[in-house]
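Trainee: Below, each chain spelled out in residue letters.
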Amino acid sequence: MEGSSPQVRDRLPTLPALAQVVPGGLLRGTTYEVADSLALALALAAGPSIDGAWCAVVGVPEMGAEAAASLGLALERTILVPAPGEHWQHVVSTLADVTDAIVVRPSSRVRDGDAQRITARLRQHGTTVVALTPHPGVWPRAAGRLEVTESSWTGMGDGHGHLRRRHVTVTATGRWGRPHRTRLWLDAVVEPAAVGDDTVVALPGALGYGVAS
Amino acid sequence: MARTLVAWCPDWPVRAVRHTGAGAGLPPGAPIALFERGEVRACSTSARAEGVRRGQRMRDAQARCPDLVTLDYDPGLDVRAFEPVLAAVEEIAPGVQPLRPGTCAVRVAGPGRYFGGEQHAAAVLAERLVEHGIDDVRFGVADAVFAAEQAARQASVQDSLVVPPGESAAFLADLPVSVLDRPEMVSLLQRLGLRTLGAFAALRPIDVLTRFGPDGALAHRLARGADDRAFAARRPPSDLEREVSFEPPLEDAEAVAFSVRRTAEAFVTGHAERQLVCTSLWVEVHTDDGQIAERQWLHPRWFDAGDIVDRVRWQLQASSGSGTAVSAVSAPITGVKLIPEDVAPVTDHAEGLWGSGPDVRIHRAASKVQSMLGREAVVSAVVGGGRGPSDRRTLVPWGDPLSAERPAAPPWPGSLPAPAPATVYDPPRPAQVVGSSGQPVRVSERGMVTAAPARFAASDAELRPVAAWAGPWPVDERWWDAREAVRAARFQVVGVDGSAWLLRVSDGVWCVEARYD
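From first to last, the protein sequence lines stand for chains A and B.
Just so we're aligned, residue 1119 is where the first sequence starts under this note's numbering, counting upward by one.
Just so we're aligned, residue 18 is where the second sequence starts under this note's numbering, counting upward by one.
Be aware that a few hints might be false.
Pair ranges (Cβ atoms, derived) [said to hold, decoys possible]: (1) A:Q1242 - B:P200: 54 to 64 Å; (2) A:G1142 - B:R481: 33 to 43 Å; (3) A:H1278 - B:G323: 41 to 51 Å; (4) B:A243 - A:I1168: 51 to 61 Å; (5) B:R446 - A:G1142: 36 to 46 Å; (6) B:E358 - A:I1168: 32 to 42 Å; (7) A:T1267 - B:P414: 50 to 60 Å; (8) A:Q1242 - B:A104: 26 to 36 Å; (9) B:A478 - A:S1225: 18 to 28 Å; (10) B:Q308 - A:E1309: 33 to 43 Å; (11) A:Q1242 - B:P491: 21 to 31 Å; (12) B:P491 - A:S1225: 34 to 44 Å.
Rather than coming from a laboratory, the hints here were simulated on the basis of the structure.
For clarity, every value in this text was computed on a predicted model and none was experimentally measured.
Even glycine gets a Cβ: it sits at the ideal position worked out from N, Cα and C.
Using the sequences provided together with the hints, build the complete structure.
Mentor: Structural data, given as structure tokens:
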């Protein structure tokens, strides 16, 4: 994770749509924080999963299997530990030996020492942890933090239609410097959206609205 | 020529349920039907008399027979309940071949001579099975398995029908082609005007082979009474079983797990000496009060000693509510028995080790977590069918075969359109939805909302304005079953912050089923 010129084998493969979000891919042997969007976290793990790697999801009993599969996570190569309780660090360390990406929701703030111990284990196999954390710093010294900062849905109005497509802005903050924003479609699939794509929301026939938070 | 005797117990699934399953307490004549995927899989004689038939949908069956007791079909129960019968037959005639639960075949030459005739051998068997509580069993004797089975189906209760040597073809000739149990082929044969096995048997074998392929050729041989399928006798209970007794009885699951280690090693070594590995085993736990709790364990590869110790521990720790296992506290444990269910030559598995099956390392890591947290704690998810998001997900404990609770295939009217929610709350969390003046929103009997949702609170958050909503989509599942009936409506709601939720209201109570995050 040191050095600014990434080598391919230091990185996990990503879905094409996420190439701009984490340029070059997620660094192996590190932890990324993801705020408040399980779909984004699953999409990050889907990259290596599609590539044939094993993944794990720890401490996330509410993972929607259908959404995970549709985003690209190969469920037959995904180990789920929905309720590890206080043993979650143990579970992550054990599974780090055999998986490439682990999505985990820490049950509490991770202490510095614990984070270091887990990171050492992650580096051995080159596993990346995607930690679902409500606010920054729950995982000390994470390599980066990804947040869905804007989200708007199309397809639904007052009492009619149904959710169809979701347009999001993902803001990535990290050691690489200035936060950068990427616009994406993030619903059943992840697709890149151009900056001007907001207009899609107002296309004839599509019901749309969008509010920046 | 190998004279074969087939024993057939009609309506075996119903019998199995009555004797060992959920139907144990029912009165003798009660009409019972077992359902698989909403269709009748098997029914009792009394239900059949009322017009219930295999393949009927549940509501049709209930319309014909309002008193019908409906139960779920459990294939495992069928097999388990048949085991004692096989054992009983084996005592008289070794080399039993189970054809399917409820039907088995034996070579009758030896027993026939011993008991003075085929008919007598069948009578002796019938007597023995009655001792085991099987009061309806029919026997057929013929030159081969297929003809003998058809003969058994024509025999009366406790009786046998013997087709003399060499007359199998003549006996079969008058039977309808439907007994071949190949629906597609049978339908075609009937349209061709071939309604009896005799007519089918008269075709030239080479024509049958070119038109129907190898399976059709086999059916043709059966119809001609030339059943040349290999007679695969079940191996008698082998000496691969291992047992350990505890004196005095042990109360603690950990102590049992510790003490069973040596036995597990002996079990694995016993297999290894014959170049075998065990891929599926039964663990029997004997308790002080005379009970035996057994359950079957499967392994994605094969069991080593540590795996077996884990399974014993999990079985002891399993809650007594699961029905098949006792919890460690119910009674002190006097012994544990390990019985191989499926074994395979080591060589068969050498490839799986590096090929298709999960990699050894993956399996080790997952098993390690299982021994830390318990068997159910490590799972694989399978997407299946269903209307609600939590119905569509099945979590399978690591190592069990991956299969969804509900098949994805049939259409599920009323299921939600894509995209699927990334977060599914199981159980649902409380929610609140109010109209513009703060009054709670309800759904009327006719499926209309009493007010447009204006503000909502999902989980424990505060009320916030609704930006858009859709619904109500009625959920009217399992209306035929008062206990499971769900009468509710679903809504999709988007908050002004762009968060999207799947809400459900039933009897005016709102909950969050899922979140599209």
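Trainee: Which of the numbered hints above does this structure break?
Mentor: Checked against the structure, the hints that fail are numbers 3, 7, 8, 10 and 11, while the rest are satisfied.
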